[in-house]
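**Student:** Residue numbers (UniProt numbering): 1 to 572.
Simulated from the structure, these hints should not be mistaken for laboratory data.
Mixed in with the good hints, there may be bad ones.
Across the chosen pairs, the derived CB separations fall in these ranges [stated by the list, open to error]:
id	residue 1	residue 2	range
1	Glu139	Lys103	29 to 37 Å
2	Lys220	Gly365	35 to 43 Å
3	Glu308	Gln217	46 to 54 Å
In silico EDC-like pairs for lysine to aspartate or glutamate, Cα to Cα no more than 16 Å straight-line [as the list claims (entries may be wrong)]:
id	residue 1	residue 2
4	Lys195	Glu146
5	Lys323	Glu335
6	Lys276	Asp244
7	Lys127	Asp90
8	Lys126	Glu69
9	Lys410	Asp452
10	Lys133	Glu106
11	Lys378	Glu425
12	Lys126	Asp74
13	Lys126	Glu91
14	Lys410	Glu425
15	Lys126	Asp177
16	Lys190	Glu146
17	Lys126	Glu106
18	Lys140	Glu165
19	Lys280	Glu238
Here a beta-carbon is modelled for each residue, glycine too, at the ideal position from N, C-alpha and C.
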Amino acid sequence: MEDNTQTPAQQGGTQPATGTTQTSVPTPVEEREYPAMTMEDILASEAQEPQSVTRGDIVDGTIVFIGQEGIAVDIGAKVEGIIPLNQLGDEPVTLEQAQEMYKSGEQIEAYVVRVDLPNSQIVLSKKRADQDKGWRVLEKMQEADEAFEVEVLEKVRGGLVAQVEGIRAFLPASQVDTRRVNDLDPYVGKPLMVKLIELNRKRNRVIISHRAILEAQKAKAREETVGQLEAGAQFEGEVVEITDFGVFVNLGGIDGLVHRSELTYGRFNHPRDVVKVGDKVQVQVMDVDGGRERINLSMKALTQDPWEGATDRYSIGQKVSGKVTNLTNFGAFIELESGLEGLVHVSEMSWTKRVRHPNEVMKEGDEVEAVILRIDPKDRRISLGIRQTTDDPWSALPDRYPPGTPVKGKITGMTDFGVFMEIEEGIEGLIHISELDVQRVNNPADLFKKGDEIEAVILNIDPVEQRASLSRRRFLGGGPVPTQRDYVSQGGGARSDRYSGGQGGAPRAGGRGGRRGDADYAYNAKDASQGGKISTKLGDVYADLFAQFGLGGDKKADAPEAQADTTEDNQG
């Protein structure tokens, strides 16, 4: 029996006419390897009627051969179909690669792109067959609302691109997470569970969402969590957002707020100094507002209050060390331990220097030593003193400068009621206007100016109130030199008198009040909030000085003393 298998020339190829002279080199005929066929196969093929195919059909066929034009496939039609090499997949394929991927006699599925039987041509596409198959799979997934895993290929404007069953799918940035994601780079090349939210084959549009998966998981976890929410319940959560006023913690499908006041007992500037996004934290439910879906949480409720047992760990007079955490107009806060702070008032920072602001002595972050002056567990306050860590220079002054001791120093300040004179470095005393000269002085500025060096004798030194009074008049022989300490009769003055104005010599808040261990947190808080300056009425100053020198009592009782002073001045 003759072999009826058609050659490529018989299938429509052109051959040169007999006797025609060929001027060009003839193209070599490609040798094709045909699968071995038995006589039964030939008879069976002749007995079968050709299969009718139309554009858009998905057909199964057998690979006949692989050539430069593509892969010839027997699909049961009158002619073989051709799958061009560029229709094998998304990426271009060379002949060598195609020969490695496919072999003659293998079964292959293809999509009918074009049918032109008069010209013996059927064009097929494996890539479109795979896409068609992918569309059918996607349609089933959409109907079943199934979640599936994809690998993100690249980042594009507005989102990410992945491939599903050979079809490119778009993942919008808004569908990547339940919260806004600004950086999409970490998702590229990573697997991601998604769901179909839009499928349009005509427009070749596939939209997927990872957010839908997260929201479904969140809803399920929310149901479980809501049933356990009650005041006092404890949860482990994850920090998902940090704001100026607090931290949002995910408890499992639902978020709660830890206000900044409930983060820790310690001092901090911003909640991000305590936690960061992604941290696992232990929280306790404070209260739940079901109507407004608000949950207030606390982290510090699960930690020990540092004030518990503070009076056992600390005592008045104890020397402690700590870090400066905050500076204000009225003092500095020192952290003794986490969540436990004490206040060093400006009046307790130096024995001799009048500190106007704590930054003159220290700065935030400094490690300093201090002495505990007062502990108030009820109000949760500790008063500290830095000057108490050094010897009080005033305590030894009465022994070094008894009444009548002559001293020499510069004028450091002038007022209407006298001048302040430096006894030694950092120690000043007041020469009252009545003790400036043997003659009556109406205005100290008429005789002296700041910086002048003068001599005087000590009248009295009060180390407790840090006051010293001197007399230039008695140094000049205008009166008896005192030999005994009598604060009431001889008077006393301190530079802080210019800033204090209490009756009876009692220091007013804002002046240097001596070694008083009762500094208050509210000390001059009002004045500090209004600029840190203390206003002093001149009348209060005179009243204070009159009381110190015994001039503020009954006018009748003061008359003889005033007359005696006048007589003494006239005699001088």
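**Student:** Indicate, hint by hint, whether the structure satisfies it.
**Tutor:** To see whether the hints hold, each was checked on the structure:
no. : hint                         : verdict
1   : Glu139 to Lys103: 29 to 37 Å : holds, 32 Å
2   : Lys220 to Gly365: 35 to 43 Å : violated, 48 Å
3   : Glu308 to Gln217: 46 to 54 Å : violated, 41 Å
4   : Lys195 to Glu146             : holds, 7 Å
5   : Lys323 to Glu335             : holds, 5 Å
6   : Lys276 to Asp244             : holds, 13 Å
7   : Lys127 to Asp90              : holds, 7 Å
8   : Lys126 to Glu69              : holds, 15 Å
9   : Lys410 to Asp452             : holds, 5 Å
10  : Lys133 to Glu106             : violated, 19 Å
11  : Lys378 to Glu425             : violated, 41 Å
12  : Lys126 to Asp74              : holds, 14 Å
13  : Lys126 to Glu91              : holds, 12 Å
14  : Lys410 to Glu425             : holds, 10 Å
15  : Lys126 to Asp177             : violated, 36 Å
16  : Lys190 to Glu146             : violated, 20 Å
17  : Lys126 to Glu106             : holds, 14 Å
18  : Lys140 to Glu165             : holds, 12 Å
19  : Lys280 to Glu238             : holds, 5 Å
Hints 2, 3, 10, 11, 15, 16, counting from the list given before, are not met by this structure.
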